[in-house]
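K.L.:
Residue numbering for the sequence shown follows my numbering, beginning at 47 and increasing consecutively.
Just so you know, these hints were derived from the structure itself, not from any lab.
A couple of the hints might just be wrong.
Claimed, not checked - Pairs of lysine-lysine, BS3-like flavour, derived with a Cα cap of 27 Å:
#1 Lys124 to Lys140
#2 Lys395 to Lys225
#3 Lys524 to Lys394
#4 Lys225 to Lys157
#5 Lys553 to Lys524
#6 Lys114 to Lys154
#7 Lys371 to Lys524
#8 Lys553 to Lys395
#9 Lys401 to Lys508
#10 Lys553 to Lys394
#11 Lys140 to Lys114
#12 Lys157 to Lys575
#13 Lys362 to Lys517
#14 Lys401 to Lys362
#15 Lys124 to Lys114
#16 Lys524 to Lys508
#17 Lys432 to Lys502
#18 Lys575 to Lys154
#19 Lys394 to Lys508
#20 Lys102 to Lys183
#21 Lys362 to Lys395
#22 Lys154 to Lys125
#23 Lys183 to Lys125
#24 Lys575 to Lys395
#25 Lys545 to Lys508
#26 Lys102 to Lys114
#27 Lys502 to Lys517
#28 Lys362 to Lys641
#29 Lys502 to Lys524
#30 Lys524 to Lys401
#31 Lys125 to Lys157
#32 Lys371 to Lys401
#33 Lys140 to Lys102
#34 Lys517 to Lys553
#35 Lys371 to Lys394
#36 Lys545 to Lys502
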Amino acid sequence: MSEASDKFSTAVSDYFDMAVQAAEHTGKIWENFLTQPTSAEDPAACVLTDFSEALKELGEAMMAQPGKIMEDQIELLKKQQELYQNTVLRFMGKADLEPVICPDPSDKRFKSAEWSENPVFDYLKQLYLLQGSTLLKMVDDTEGLSDNSRRKVEYLLRQFVNALSPSNFAGLNPDVINKTLETGGLNLAHGIEQLTEDLETSVQGSLNVAMTDTSAFQVGRNLATTPGKVIYQNDLMQLIQYEPSTPTVFRRPLLVIPPFINKFYIMDLRENNSMIKWLVDQGHTVFVVSWVNPGASLRNKGFEDYMLEGPLEALKAIEAITGEKEVNAIGYCLGGTLLSATLAYMKKKRDNRIKAATFLATLIDFSQPGEIGVFINETTIAALEKQMDILGYYDGRQMAFSFNTLRENDLFWSFFVNNYLKGERPAAFDLLYWNTDSTNLPARMHSYYLRNMYLKNLLKEKNALELNGVKIDLSAIKVPAYFLSASQDHIALWQATYKGAQILGGKNRFVLGGSGHIAGVINPPSADKYNYWTNDSLPESSEEWFQDAESHRGSWWPDWEAWIAEQGGTEQVAPRIPGEGPLAALEEAPGSYVKQRITEVVRA
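Whenever a hint applies, use it, and build me the whole structure from the sequences.
P.N.:
Listed below in structure tokens is the structure:
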């Protein structure tokens, strides 16, 4: 009896120790939140004000059609009564009852067997799904709501509904309850520790949840390992030339322009899924722009500076190294947007060095910005500009949080439950490491980009934008172009990127890949995953294009390789070794710019 009593006393003592630690960490968390200054000019506050206007419009529209709302409410009451009766019958031993509502097959929140086998948890799950789906259906059924307000309300209510999932609460999630019983509450103590750590490294006004074990990766050690050298750099970029891997190479070099809202190594994660390595192995002399992670000192760098110091400086360096005036270019996402503007600028300057252009998941016409459009309005941008004027840059962690809320269950709540409720460390995953390796944007550049592209959609308009004293016209571009989009891309909707293929005035090819913004692009042939669609014609609408498109299994990369070969410059020459030409190597790839993490930049 004494031994059992001692064990019980020890367990109680351990429990109280953890409770004290939890209280201390919780106090720090609340202190963090309560001491954060807020004002009406905060971008977050302006976003909420904008959403309030949309909710007001929703309320007025609902009041105009109370009958439909009443129908939805009555239907909900009927199903709730049916659920209650089923649950009572289950407690009485009846087991073969069909559920009133089931989660979507892709919903991972309720995959644990206890959510279905235990009547209490099954009731909580179904009641939540019924109420959440009814709330969203009421919005969908409401007529007279503007498209802009409807998108905002749907986004906001989706955040609300998913935040209230019983899976997000320690006392309602069977997995968390079991974990708590197994560890004596140690999981919750560990979770609070992780929450405190994440809050300390998060940007003000958001919570950047750790998605991966960052200690498992190091850029240049097990990420971005394709051999090469930095052969040129300026304030905004380092230019990497990669080591050849073939006996001969194509005469025409290839310049890759990644987005500057992310780091380039999404194209060079591991050897087996590296697009850069694959391009090198096909015989291309590959040059890649690695953008700087800017701090306050670069606040005045604008969009035109990214053009002048990015692709245009890269072209000069490539010509100095290879002696070639003709280059093929690839632009990914915002890198593609920059490439389109650069081509229009070069056209006006009668500069024809780029002979073929490839646009990967690239918006040129911003009339369909996707879900990120809920944050784009004059009020929010003006507040953001005031914030950037103070900092000198737009904090990349803020952008990462916003993008994560577009896929909140997968990119936020799943990690919230794993890290903070179960107290587990996230697994090592290279893609998520890259996803959390954010970059800042200079204040001047980001303001220009938001206003002129997203808000006013001027890039597609003839002579509406001026870069370095030159008014640009994308329709004047005659360079043949290859457009690759992804069918499930929620950042650059493929129907929107399709419009870009019709704006440029050359002979253009549009290809649609499977999956999303990353997996749809980074899809090596060796993986034999997904599929892609092709159509040699380019009808006016994306729907017409897809109706007559042909589906092909696997990666789109070989299709691009066949297309780029048709554009010329495929004569074979001796391999170009980085650093052996007129530009000496500055350092080994992937260079130092890409290794600078955002916390280091912010502290500097």
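K.L.:
Against this structure, judge whether each hint is valid.
P.N.:
Quick rundown of the hints versus the structure:
The hinted pair formed by lysine 124 and lysine 140 meets the criterion: a straight-line CA distance of about 21 Å does not exceed 27 Å. This hinted pair does not check out: lysine 395 and lysine 225 have alpha carbons roughly 66 Å apart, beyond 27 Å. Proposed proximity of lysine 524 and lysine 394 is supported: the alpha carbons are some 12 Å apart, at most 27 Å. Straight-line distance between C-alpha atoms of lysine 225 and lysine 157 comes to about 16 Å, which keeps the hinted pair within the 27 Å bound.
Proposed proximity of lysine 553 and lysine 524 is supported: the alpha carbons are some 7 Å apart, at most 27 Å. Using a Cα cut-off of 27 Å, the hinted pair lysine 114 and lysine 154 is violated, with the two alpha carbons roughly 32 Å apart. At roughly 17 Å between alpha-carbon atoms, lysine 371 and lysine 524 fall within 27 Å of each other, so this suggested pair holds. At most 27 Å may separate the alpha-carbon atoms for a hinted pair to count; lysine 553 and lysine 395 meet this at roughly 21 Å.
Pair hint lysine 401 plus lysine 508 holds up; C-alpha atoms about 22 Å apart against a cutoff of 27 Å. With a CA separation close to 19 Å, the supplied pair lysine 553 and lysine 394 stays within the 27 Å bound. Restraint check for lysine 140 and lysine 114: the C-alpha separation of about 36 Å exceeds 27 Å, so the hint is violated. About 25 Å separates the Cα atoms of lysine 157 and lysine 575, which keeps this hinted pair within 27 Å; it holds.
Our distance criterion of 27 Å between C-alpha atoms is met by lysine 362 and lysine 517, whose separation comes to about 22 Å. Restraint check for lysine 401 and lysine 362: satisfied, since their Cα atoms lie roughly 15 Å apart, inside the 27 Å limit. With a C-alpha separation of about 16 Å, the suggested pairing of lysine 124 with lysine 114 holds against the 27 Å cut-off. Between lysine 524 and lysine 508, the direct Cα distance comes to roughly 15 Å. Compliance with the 27 Å bound is thereby established for this hinted pair.
As the CA atoms of lysine 432 and lysine 502 are separated by approximately 19 Å, the hinted pair is consistent with the 27 Å bound. For a cut-off of 27 Å, the pair hint linking lysine 575 to lysine 154 stands: about 22 Å separates their Cα positions. Our distance criterion of 27 Å between C-alpha atoms is met by lysine 394 and lysine 508, whose separation comes to about 12 Å. Straight-line distance between C-alpha atoms of lysine 102 and lysine 183 comes to about 18 Å, which keeps the hinted pair within the 27 Å bound.
Distance check on the hinted pair: lysine 362 and lysine 395 sit about 15 Å apart at the alpha-carbon level, within 27 Å; holds. Restraint check for lysine 154 and lysine 125: satisfied, since their Cα atoms lie roughly 23 Å apart, inside the 27 Å limit. A hinted pair counts as satisfied when its Cα atoms are at most 27 Å apart, and lysine 183 with lysine 125 qualifies at roughly 14 Å. For the proposed pair lysine 575 and lysine 395, the alpha carbon gap of about 42 Å is over 27 Å, so the pair is violated.
Distance check on the hinted pair: lysine 545 and lysine 508 sit about 15 Å apart at the alpha-carbon level, within 27 Å; holds. For a cut-off of 27 Å, the pair hint linking lysine 102 to lysine 114 stands: about 18 Å separates their Cα positions. A distance of roughly 16 Å separates the Cα atoms of lysine 502 and lysine 517; the hinted pair therefore holds under the 27 Å criterion. Taking the CA atoms of lysine 362 and lysine 641, the gap is near 25 Å; set against the 27 Å cutoff, the hint holds.
Of the pairs offered as hints, the one joining lysine 502 and lysine 524 holds, with about 25 Å between alpha carbons and a cut-off of 27 Å not exceeded. Annotation: proposed proximity of lysine 524 to lysine 401 holds, straight-line Cα distance about 9 Å (limit 27 Å). Under the criterion of a C-alpha separation no larger than 27 Å, the hint pairing lysine 125 with lysine 157 is consistent with the structure, at around 23 Å. Only pairs whose Cα atoms come within 27 Å are accepted, and lysine 371 paired with lysine 401 is accepted, the gap being roughly 10 Å.
Only pairs whose Cα atoms come within 27 Å are accepted, and lysine 140 paired with lysine 102 is rejected, the gap being roughly 46 Å. Between lysine 517 and lysine 553 the alpha-carbon distance is near 23 Å, which keeps this suggested pair within the 27 Å criterion. The straight-line distance between the Cα atoms of lysine 371 and lysine 394 is roughly 18 Å, inside the 27 Å bound, and the hint therefore holds. At most 27 Å may separate the alpha-carbon atoms for a hinted pair to count; lysine 545 and lysine 502 meet this at roughly 16 Å.
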